[in-house]
Amino acid sequence: MRSPAIGLTLLFAAVHAEANPVDGFGLGSRSSAMAGAVSAEARDFSANYYNPSALALARETDLSLGYVFVTQRLKMSGQDSQVDPVRALVGGVVAPGAILTLPFAFGLAVHLPDHRLSRARSSGPEEPRWVLWDNRPQLLYLAANLAIRPVEWLSLGGGVAFLAATRGRFEITGTAVLPRPNDSELRHEVDADLTAVRYPSFGVTVEPSDWLSLGAVYRDEAQIELAIEAELRGEVDAAIVRVPARYELASRTMNAFIPRQAVLGASARASEHLTVSADVTWVNWAAYRSPISRSSTDLDVQPPPGIDLDLPPNPKPTSEIEPGFENRLVPRLGVEYLLPLERRVFTALRAGYGFERSPVPPQSGRTNFVDADRHLLSAGTGVAWRSPGDVVTGSLRFDLHVLWAILPTRTTLKDGPANFVGDYRAHGSQLGVGGTLSMGLL
Amino acid sequence: MTNRARPRFRRSDALRRLAAALALGGCATLAGEAGDLDAVRPNAQAGPFRLITQAELATGVAPNVLSSPSARYREPSALALGESLVGDVALYAVAELGGQSGIFRFRAPDARTFGAEPPDAVLGATEDWEGGAIAEPEAARVGAEIWLFYSAAGGIGLARSADGLSFEKLPAPVLGAMAGTWEDGPPSSPGFVALAPGDYRLFYAVGSRIGEATSMDGITWQRRPEPALEPSLQQDAFDSVAVGDPEPELAKSAEGRSILRVYYTGRGGNGTSGIGLAARFRAPDPLARATSPVLAGSRNPSHPALLRGPGLALLFVSARAGSPSSQDFPAIALAVAPATVVLPR
Chain A
1 MRSPAIGLTL
11 LFAAVHAEAN
21 PVDGFGLGSR
31 SSAMAGAVSA
41 EARDFSANYY
51 NPSALALARE
61 TDLSLGYVFV
71 TQRLKMSGQD
81 SQVDPVRALV
91 GGVVAPGAIL
101 TLPFAFGLAV
111 HLPDHRLSRA
121 RSSGPEEPRW
131 VLWDNRPQLL
141 YLAANLAIRP
151 VEWLSLGGGV
161 AFLAATRGRF
171 EITGTAVLPR
181 PNDSELRHEV
191 DADLTAVRYP
201 SFGVTVEPSD
211 WLSLGAVYRD
221 EAQIELAIEA
231 ELRGEVDAAI
241 VRVPARYELA
251 SRTMNAFIPR
261 QAVLGASARA
271 SEHLTVSADV
281 TWVNWAAYRS
291 PISRSSTDLD
301 VQPPPGIDLD
311 LPPNPKPTSE
321 IEPGFENRLV
331 PRLGVEYLLP
341 LERRVFTALR
351 AGYGFERSPV
361 PPQSGRTNFV
371 DADRHLLSAG
381 TGVAWRSPGD
391 VVTGSLRFDL
401 HVLWAILPTR
411 TTLKDGPANF
421 VGDYRAHGSQ
431 LGVGGTLSMG
441 LL
Chain B
1001 MTNRARPRFR
1011 RSDALRRLAA
1021 ALALGGCATL
1031 AGEAGDLDAV
1041 RPNAQAGPFR
1051 LITQAELATG
1061 VAPNVLSSPS
1071 ARYREPSALA
1081 LGESLVGDVA
1091 LYAVAELGGQ
1101 SGIFRFRAPD
1111 ARTFGAEPPD
1121 AVLGATEDWE
1131 GGAIAEPEAA
1141 RVGAEIWLFY
1151 SAAGGIGLAR
1161 SADGLSFEKL
1171 PAPVLGAMAG
1181 TWEDGPPSSP
1191 GFVALAPGDY
1201 RLFYAVGSRI
1211 GEATSMDGIT
1221 WQRRPEPALE
1231 PSLQQDAFDS
1241 VAVGDPEPEL
1251 AKSAEGRSIL
1261 RVYYTGRGGN
1271 GTSGIGLAAR
1281 FRAPDPLARA
1291 TSPVLAGSRN
1301 PSHPALLRGP
1311 GLALLFVSAR
1321 AGSPSSQDFP
1331 AIALAVAPAT
1341 VVLPR
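Listed in order, the protein sequences are those of chains A and B. When we follow our numbering, the leftmost residue of the first sequence carries the number 1, and every step to the right adds one. When we follow our numbering, the leftmost residue of the second sequence carries the number 1001, and every step to the right adds one.
Each hint should be verified, as a subset may be incorrect.
[To be verified] For each label pair, taking beta carbons as the anchor points, the in silico distance ranges come out as:
1. A/R357 x B/G1311: 31 to 37 Å
2. B/R1224 x A/D80: 22 to 28 Å
3. A/D80 x B/G1132: 25 to 31 Å
4. A/I321 x B/F1329: 39 to 45 Å
5. B/D1285 x A/R357: 31 to 37 Å
If you are wondering where the hints come from, they were derived from the structure by calculation, not from laboratory data. None of these values were measured; they are calculated from a predicted model. Think of the CB as a built atom: it goes at the ideal place given N, C-alpha and C, for glycine as much as any other residue.
Generate the whole structure from the sequences, applying the supplied hints.
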């Protein structure tokens, strides 16, 4: 007697990646300690993100390497949502120079997760999830920029930011023997590429006086889709009859979305030692596309006449639900106080605050995009040693920062009494620490 | 820190150091599964339900907790006898045992193993108005008594008991047929809920619709003039042909809002059935349907009976015993919500 067996072919193709972690947790300890209010004040590698034009203001080649760790304690109805932490090496370079007499600079910055290089997550429309914090910070971010300084008071810069994306194909072919799995003969093939999604950013820095600096930045939108297609083909061999079967699945999901942003900032040197900076960022959250997957399935089984098979019906294709996010203005404020310790050694004390009103509308209906307003408190310190020796000819700097984001309680009351998720509360906090070591090379 | 010293290039050394640092980071390991997949998420525990698996059942064939082609167990109503929801549970159900058809009580120490003790015959047809048969029991604890509503030819009857075994019937139906309304026959399928002491609701089926009545004593009932729930207007809905077998419960949302939920059997145009959910916050509001049935499938579940405890809900249903034609007889199956919960063995 032949064993019941099924011959199958499974085809799986996916495209997935995630969005920008720097939007949420900053880049570099100095800028992060000032809550990211540095569009008119960034002078190190973090200018690659905050304002590319500021690269042209650098006076020495600057190398930075650091690490950032952010733990997320986000809760729904009192239960920890176990949103993954963010851990990454950060670093970059600023290389100034000149083209004839035109000051010029090249910059590179990277946020390199040491936990995962990318993550894809798709969920049903009703599953509650911290939609802005589960996928979005988990990716490799790379930015490369050029900047010029055509006149003393004006710098222009721009470049491209790269997001990691993986594109893969997964295939299984062979025969699965149902009663004796060890007799199955299956062949697996994996073909995956690490690809990049690019989006531009531009910046302008204006320095009308010695004590005032103004910045404007534009960052474009990026969307990354997850597409899955799977096909199962084969025959159910049940000794007496062979039943051809085919199962197809198609799913598309907006896995990550980076909104378009425009930033205006100012930085004022209130005294020889004190700098105050402020930013306002317009975030185009209204363009946000739903992360809910649109999927369809088709099961086709053709039993021989007289064979009664009880098969489930094909589910209805799911459709995209408009998320209805709203545009937001995000204010940020940062201060830095420089304190000379001796002739060549300085220390700095920094602090910052930012407020992000949640762009997510009340989730009183079917969807459950969980989010809350966000108060970002930051602080940091640093020490700089100018001309410390022969190896480091410029300066040696070490900066530390801590950030604490408070997401106060947001209560969701469902309009529908028969909603399967029901009412809930969401709140949480994010605690991050980081350090950056920088070397200036003359 | 801001650095404003004059530039001097040693770019090759610098880039070598940066490349070394990036290579070091690139050697980091890739992650395993994301951590939030197992997180406990908000859930109203109203559904959807999943049928229990064989690993959750000590005896018998899952998801059936009572199954016999001769006994034809069906139309359950569940009552928790102990503190734990998965502890001592009594199931009142219709069966044909010992040549007798009527309502029997079954007990299980774990809410699933109902064969451990012999069943008790608790109620049979004795009154003229019952027409020789009773069905669709609905048991509820009211004060120190257990009330047992049931369907019969002349409407809905009520029997009361102090111990859950010996019941005393009221001589006449508490809800009989009423002409001149939307109801075109005697009511059946009683579903009882106490909103508060002396504030009772009885949902019932007439034809393809569900009605609602109110009472202060459980004996004298005042009908609402309009049906509480009618078949769905969507032609492809699972309940487009008929709704019935109401099973109401009073619940509270996580924010303390009172919700009256009514589970019901929905019947579709292709002869299938499933368990639906409709609910309302306040009494004048109409019942609003859930977006999908809470339990469906080829077993055609019907007659839902709910037991709710902290973090868990059990749903007993009448269902086809199995897929093969030899299993085409009614049985009582068990489902659980949230679907992620696994019942301890």
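Structure-based check of each hint:
| no. | hint | result |
| --- | --- | --- |
| 1 | A/R357 x B/G1311: 31 to 37 Å | holds, 34 Å |
| 2 | B/R1224 x A/D80: 22 to 28 Å | violated, 45 Å |
| 3 | A/D80 x B/G1132: 25 to 31 Å | violated, 59 Å |
| 4 | A/I321 x B/F1329: 39 to 45 Å | holds, 42 Å |
| 5 | B/D1285 x A/R357: 31 to 37 Å | holds, 33 Å |
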